[in-house]
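Now for the letters of each chain:
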Amino acid sequence: MATGDVALNTEQPQAAAAGPTGEIVNDFSIQVATVNGSGSQSANSVLLKSLFAMGIPVSGKNLFPSNIAGLPTWYTIRASKHGYVARKKEIDIVVAMNAETAKDDVLSLPAGGVAIHEESANLQQHRDDVVFYPVPFDKITAAVCSEAKLRKLVKNMVYVGVVAQLLEMDLATVEAAVRRQFAKKQKAADLNWSAVQAGYDYAKVSLTKQDPFRVERMHATDDKIIIEGNAAAALGCMFAGVTVVTWYPITPSSSVVESLIDLLKKYRVEPDGKATFAVVQAEDELAAVGMVLGAAWTGARSMTATSGPGISLMSEFAGLGYFAEIPAVIFDIQRVGPSTGMPTRTAQGDILTVAHLSHGDTRHVMLLPGSVKECFELSIEAFDLSEQLQTPVFVMSDLDLGMNNWMTEPFQYPEKPMRRGKVLSADDLQRLDGFARYQDVDGDGIGYRTLPGTEHPKAAFFTRGSGHNERALYTERPDEYQQQMERLTRKYETARSMMPAPVLIADGTSKVGLIAYGTTDFAVVESRVQMQTEYQFETDYMRLRAYPFTREVHDFVAAHDRIYVIEQNRDAQMLSLLKLDLPAEDAVKLRSVRHFNGLPIDARSVTDELVMQEGI
Amino acid sequence: MATGDVALNTEQPQAAAAGPTGEIVNDFSIQVATVNGSGSQSANSVLLKSLFAMGIPVSGKNLFPSNIAGLPTWYTIRASKHGYVARKKEIDIVVAMNAETAKDDVLSLPAGGVAIHEESANLQQHRDDVVFYPVPFDKITAAVCSEAKLRKLVKNMVYVGVVAQLLEMDLATVEAAVRRQFAKKQKAADLNWSAVQAGYDYAKVSLTKQDPFRVERMHATDDKIIIEGNAAAALGCMFAGVTVVTWYPITPSSSVVESLIDLLKKYRVEPDGKATFAVVQAEDELAAVGMVLGAAWTGARSMTATSGPGISLMSEFAGLGYFAEIPAVIFDIQRVGPSTGMPTRTAQGDILTVAHLSHGDTRHVMLLPGSVKECFELSIEAFDLSEQLQTPVFVMSDLDLGMNNWMTEPFQYPEKPMRRGKVLSADDLQRLDGFARYQDVDGDGIGYRTLPGTEHPKAAFFTRGSGHNERALYTERPDEYQQQMERLTRKYETARSMMPAPVLIADGTSKVGLIAYGTTDFAVVESRVQMQTEYQFETDYMRLRAYPFTREVHDFVAAHDRIYVIEQNRDAQMLSLLKLDLPAEDAVKLRSVRHFNGLPIDARSVTDELVMQEGI
Amino acid sequence: MATTATPPAPKAPKTNRLGLQILEYRGGKTNLCAGCGHNSISERIIDAFYEMGVQPERVMKLSGIGCSSKSPAFFMSRSHGFNSVHGRMPAVATGALLGNHTMKAIGVSGDGDTVSIGMGQFTHLLRRNLPMIYIIENNGVYGLTKGQFSATADIGSTLKTGVINDLPPIDVCTLAIELGATFIGRSFSGDKKQLLAMIKAAIAHKGTVLLDVISPCVTFNDHEGSTKSYKYMQEHEEAISEVGFVPHFEDIAVEYDAGSTYDVTMHDGSHLRLRKLHDDYNPTDRIHAVSALMEAQQRGEVLTGIFYVDTRKPSFIDLLNLVDEPLGTLPESRVRPPQSVLEDIMKRMR
Amino acid sequence: MATTATPPAPKAPKTNRLGLQILEYRGGKTNLCAGCGHNSISERIIDAFYEMGVQPERVMKLSGIGCSSKSPAFFMSRSHGFNSVHGRMPAVATGALLGNHTMKAIGVSGDGDTVSIGMGQFTHLLRRNLPMIYIIENNGVYGLTKGQFSATADIGSTLKTGVINDLPPIDVCTLAIELGATFIGRSFSGDKKQLLAMIKAAIAHKGTVLLDVISPCVTFNDHEGSTKSYKYMQEHEEAISEVGFVPHFEDIAVEYDAGSTYDVTMHDGSHLRLRKLHDDYNPTDRIHAVSALMEAQQRGEVLTGIFYVDTRKPSFIDLLNLVDEPLGTLPESRVRPPQSVLEDIMKRMR
Ligand SMILES: Cc1ncc(C[n+]2csc(CCOP(=O)(O)OP(=O)(O)O)c2C)c(N)n1
Ligand SMILES: Cc1ncc(C[n+]2csc(CCOP(=O)(O)OP(=O)(O)O)c2C)c(N)n1
Ligand code: SF4
Ligand code: SF4
Ligand SMILES: [Mg+2]
Ligand SMILES: [Mg+2]
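Protein chains in written order, with my numbering: chain A, 723 to 1338; chain B, 723 to 1338; chain C, 7 to 356; chain D, 7 to 356.
Hints were generated in silico from the structure; no laboratory data involved. Predicted model, so just to flag it, every value in this text is computed and none were measured. Treat the hints with care, since some could be wrong.
Said to hold, decoys possible - Just the calculated beta-carbon pair ranges, DEER-fashion:
hint, chain 1, residue 1, chain 2, residue 2, range
1, D, 161, C, 317, 16 to 22 angstroms
2, A, 923, D, 230, 38 to 44 angstroms
3, B, 1138, D, 349, 14 to 20 angstroms
4, B, 870, C, 305, 37 to 43 angstroms
5, D, 349, B, 1228, 29 to 35 angstroms
6, D, 281, A, 821, 46 to 52 angstroms
7, D, 230, C, 59, 49 to 55 angstroms
8, D, 161, C, 331, 27 to 33 angstroms
The beta-carbon is built from N, C-alpha and C at its ideal position, and this holds for glycine as well.
Generate coordinates for the entire structure from the input sequences, incorporating the hints supplied.
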């Protein structure tokens, strides 16, 4: 691999939140640079959980390469007393464990930044405006760990100790985190804990604190939990009552199904050992989505999870689902495209494609989770909507939300029972003496369906992706075809009225409105405060949660002079959908803020762009 | 098959161009209703070619079912002294050869219409305002054709005779057409000719002319030819120098490749019997387009042809072609979707999908042939553009254009030599001492490529759909990725400047402009005259030929108050692309006229819609 | 289709063990070409389900795209049908059976639908031994798109246009045996007796039944030079065994010679009686069956009959160990765990 | 990758018949896990092309997506490479060879890339006998997505998580023999000698070479219970023949016992010498080869060696009867017919 692709933070270093003088408490970001496969996950998780346990709002981001071992990896932990969880553009403290990237990592620090590094690597030569803490990691590790082959792993715990000491973390809390991390393995726990202590002691004895960063106990996380978006989505699916799950592994979606499998095995096996679910690892995504449609056709709540390349492969079946009107829940955990792109980097780049996925006049419904909590809630919502609307529903998450750890209040058990949509039973058929599958009986564009196996001579109908009339009979008649297409448009309008409303975060008096969705929200929330405090500039803000857009979205745009649509793709994809949906006089107001380098969007980038475009 | 799907013309019958009194010369449409597989093609072709040979502008449309034999089929011939070739909404003369649809066919006639039908079927009961010409087809056929199993075919020639007599066609011309149709089969020619005569004689003796329709020799077609769009496209591909052709059969695209195979076998085999081309019937569309990319990567001019479902299956590879920057020419002969839809009906329904085909930030180039001549010319253009831009180019034709017969002036041989784009030879590499595949040397966003087999140690580079930098090395660096994506945007702007300009058919002083593309043009041309003559309403008109849109398109919209985008899909797809591309203040002007029942759009539908929306 | 079958009711209505007349098993009027082999196969399917006395509502019909794939509309209108997309019926069938594993599934496909575009999904369906009847109506061409060669066309076979196929045919039976299907046979649309017996046995089997039925396309592939024509089949069909079937609800005391006949007891207690016509015939030995097929092909014979049966191998559904009821219609109480479970999970995440 | 290989130059540079040193055949630095079987295979590929003296510029490297599919970046940087999309390398390779049939093509894929998502295209490539070397780096799992089972995993094989595979493995060698490939063998990334000989012979072959190379995934599938681990292979590998190869440019007067050894003359005049290690071994008989493979599988052996070779069957390129030069770079004069042709066609359309 060329050395060309190892440095991560290639953006201009910027001054840290406060100068090197004066303390900075509970407000900094730590970036741990390691080598993929070196097992630093547990160490980083211990750091994250310790800060969390000290009641300090934290967020962690794993920036890993698309390979299994050997390439550079970065893990960023942000502590923010204000509760900001977006990526922080400025790294305050670097733990440079990867010799290959150490230099670049140090160069990426702002003035006043901190570098913790292997003693032997003399990085001091590269900067004179950052604080260096050299540590003899290998020596320390060797001392605590006799087994040579374990050292690579244990070494990581040493930096945990060093960081803990430098930041004045509560050691008892750290120990608790370590022991919890290795809950089932007493020996490992002890070994790792001794490594933490060794690092801690070394720092205490040999390093003199010269930087302003430290922590103090808070209570901001008291009744919160930490969970990844994909795990939250999996929980949602189980409580939505999913019965058929199909998948073909692809980063970053695999963990949705992997977590779900664990849950189902644990909670959905009946006393006699039989399963109320089926999970199939399909041969590819065409098969995965085909199975979902087949299962949904028989009434099963079925789903699959994938990412960009899989979405492309599902195009033909997506059109069948739309036209034959079959439910399906499809998770798109977005990653960087086009094509294979950067499989382990995040983006919101499939929005436009999914909205019109498949040839012909096809239109789809999308849900846009903006937090791990919504990964849970909107997953449940997706199944209800999909069955009620008899159409595929796409849940558009992304790698940042899906594969990173996020704080959240605990999830609420669904109050509403499952809404299964318009399904006729044998009794209904007896009463009605038959039915017409695609007839718009209720004027909402949604027909009534029967499920295979319904024991009534008039239950059966023929499902097809070719032209069909109200009675599901094959047709090539111009009038019958057009009638069905117009009904589908009507159904889409019904969908609009059923979509989860956007969240109106701020609707003050400002002439400027911001619109964002998904993980972009975290940066926008913080950027709005930067705009206020640094530029005394007020913004209103609405976070989208679904497509098609509800009335509230139109109203929000109508109520403002300028609307900035902030998103993580190159082609302003959500802005495009808004442009197509809004009355022309409102479409005029749309402006775009885009971030598309594969890193999660950060507040500073948003602020700078807003300031530039507003000419402040 | 339910009888539900047999009637074709389900629209309100309307009064014919002129009332039943007074002659109507060279201005009518004939609809022949038969059963699929009954072999009426030759008879209809004889009728069409005879009128054509009499110098009268004609167009023929085959409206066939998606099965091989047994379902109703209609063939419409329009004669128009004004040269209109769009579908005429009103049928003037029905030849009702299909008992199953005879009643509906007669009901679909406007008052004053004409029905030629089998004597035994008494259709008179259904209408008293149309002219009936009962003919004992079976009796007549039996008389001229001893072989029972041939009668089904020969019977069709009988109606040719009847129609010829009633319309006062020149019999010698008809005979010439018959003999040409069966050029290589003397016996068949004689038999069919005698059938025509028998029909002619019967009409002469037993029918008394009561309708106003007749023909007169003209010279409007003197140096014209008749050809199908797909055959014209195939010609274009051969003269573009295509070398690798892959396909997977699908209606209505198959005949592009089938015609091309015939041409290549005839004109592209060298004296030693070896071929300068390879045609592969792939296992599916994923394979077809994959082969095209593989071949283009080695420098071959390669292409495939498909329709909606195939386009969906090509999504993933389309994204690879865009991101890895590999040429490819893909014909989309559009049919009615979504999903399998109506495979033998026409539409312009893949526009929006193809423009953004594949996940991630992917964008494609589309050419929009609006005549058989452009099927030829733009096919050649497609290969040049695709190699110059190093990106897939989609040629968006449709079933109406591709599978129907159209008059056209003969095609011109390409003046320009093949433009193969930026390819470095071994000598170039020697001179430059290497190269960087994805470097924007010329500022147009287009890099230089080398072809496998180039005999130079620095010729090789690694092609991939994953993140890559200027030197085609694998990268996950945010800056390198973003740089490449921005270059691709730049390249797209270069494409814009190279696209074939739209055709400005009329740019007078009207405040109202019309925009159309492809086969919609034929109806718009005629509708504009209806607007003039019937409503004294002037319209300007621009026909699009490519996407992305060139400056002229923006100018045209800017120059008018209201723009009607007329197209053959439900979701106003081209209007959507315009909306996304135009400055907001111009996007406001867009209005939509849509036709999406599977029948080719007709002038009357356009006119009625314009009148309605303009409130005339 | 569901409601358009209206054949004249016979005088003294004959009925099956459910008391249903055969017309209850009919479908919509076919719109395939007169003489198309596919129509005869639809007839046999109707006969088989009628004679086996299967409740039509308990059957799902699945297909891809093609003339063959249209035929589910032409039999058993009282069964739910799903005409999906080209080459992808296996996935849809798999999902449908996961959603409701209590039903009988019959899939009808073509050689193009299965062996060209559908090869990937087809092989994986076989590997899973999905419990369904999978019929390939094999005519060696793409009928619906006007007769191009498919991947089952034989080397040297010609089209009407004179084009000659020079790629080897893919033998779906050999493939099916190797990849894991458990009931594999080949027949001919023109061989009423054999085909009917095979479909009836197929209905009794639990596991993937792959029936490769040569079904001539009279419009595009029934001429001299075609190796999938009626004539060619009459001349080259070579039955490896005589297929007899005795349903569980009939008296099975039928005589048979154990020496020359394999008696296979099916899951439902029915008996499949396979009388050797070749001495090297052994329907219980995979390796043997594959060799027999490959040798016959080398000899230029079209071997028919049942080549391999395994009634012991667990089906895909067995492996999943599902509850007895269809997953698709389980009540909320059985698919949504109680609030306590969520609270418990949340607690452990603190 | 093309420019990053900079290993230290040896003192007295050894060169091949083209006068090239082995470093001219190296690739970029691997980023696969240390100990990954794929790396050893890359080494053998480098050795083979070096020893056969193939000009690197005359070689195209193709792959799909996966750890295995990354490896073309790690050998022969002087050859053009195309890392396409998941499971679709066969189509890209087919197109590439149509565009330039004068080059050697080597494709590297994985068991997931080929046998799961890629099965459709793979079977059709085999059927066409496309002239290329197709190597499957078979580890029974999806390495790049962290170790899920692929369709070549054996029944009973376990993952580190304890999950047990219960679906039968797909044997790509049996498949390849049946579907029409003409050079089929299996080896093990750890068996340097055998693998090198096989790749060298593969380079000499014209037609589809399918090499199924067991290549342990040290990170996800090299543990107890895995049937694709180094340990398992050491215990279960069973060579059916000893593979010897004598390139055409070397003295072939090497002794061999005609009774126990098959001598196959390759297209380029090289000689493949296959010494029987099983008495039922016959690399020229398809049916035989298939049975041998199926039987070995039943015995739980992993048979290695070359199972079947056919040097007479025309390749897909032969069937197309192309001009000698690459189609991709034919001059305009040979691909655009003269004006007279167009005028002639137009005239006949009047
Ligand atoms: C994705 C896609 N590609 C192509 C087609 C066009 N198509 C329809 S049927 C068919 C082949 C049918 O052949 P086969 O399965 O053998 O059925 P048959 O008509 O011969 O019975 C094709 C290529 C399609 N419908 N969808
Ligand atoms: C369309 C698509 N689906 C899924 C993936 C994710 N993916 C990448 S590699 C891979 C499997 C690789 O397995 P294999 O071919 O055996 O290669 P290995 O890593 O084991 O060498 C998968 C599923 C993808 N890249 N593209
Ligand atoms: S075209 Fe062939 S396959 Fe299709 S219906 Fe007619 S005969 Fe049957
Ligand atoms: S994960 Fe497995 S296959 Fe992938 S590089 Fe590592 S060892 Fe090799
Ligand atoms: Mg067929
Ligand atoms: Mg693998």
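Here is how each hint holds up against the structure:
For residue 161 of chain D paired with residue 317 of chain C, a C-beta distance near 19 angstroms keeps the hint of 16 to 22 angstroms intact. Distance hint check for residue 923 of chain A and residue 230 of chain D: the Cβ-Cβ separation is about 39 angstroms, which falls inside the suggested range of 38 to 44 angstroms. Hint check: residue 1138 of chain B to residue 349 of chain D, Cβ distance near 18 angstroms, so the stated range 14 to 20 angstroms holds. Checked against the hint of 37 to 43 angstroms, the pair residue 870 of chain B and residue 305 of chain C passes, with Cβ atoms roughly 41 angstroms apart.
Evaluation of the 29 to 35 angstroms hint for residue 349 of chain D and residue 1228 of chain B yields a pass: the beta carbon distance comes to about 33 angstroms. Distance hint check for residue 281 of chain D and residue 821 of chain A: the Cβ-Cβ separation is about 50 angstroms, which falls inside the suggested range of 46 to 52 angstroms. The beta-carbon spacing between residue 230 of chain D and residue 59 of chain C, approximately 52 angstroms, falls within the hinted interval of 49 to 55 angstroms. Look at residue 161 of chain D against residue 331 of chain C: about 29 angstroms separates their beta carbons, and that is inside 27 to 33 angstroms.
Violated hints: none; the structure is consistent with every hint.
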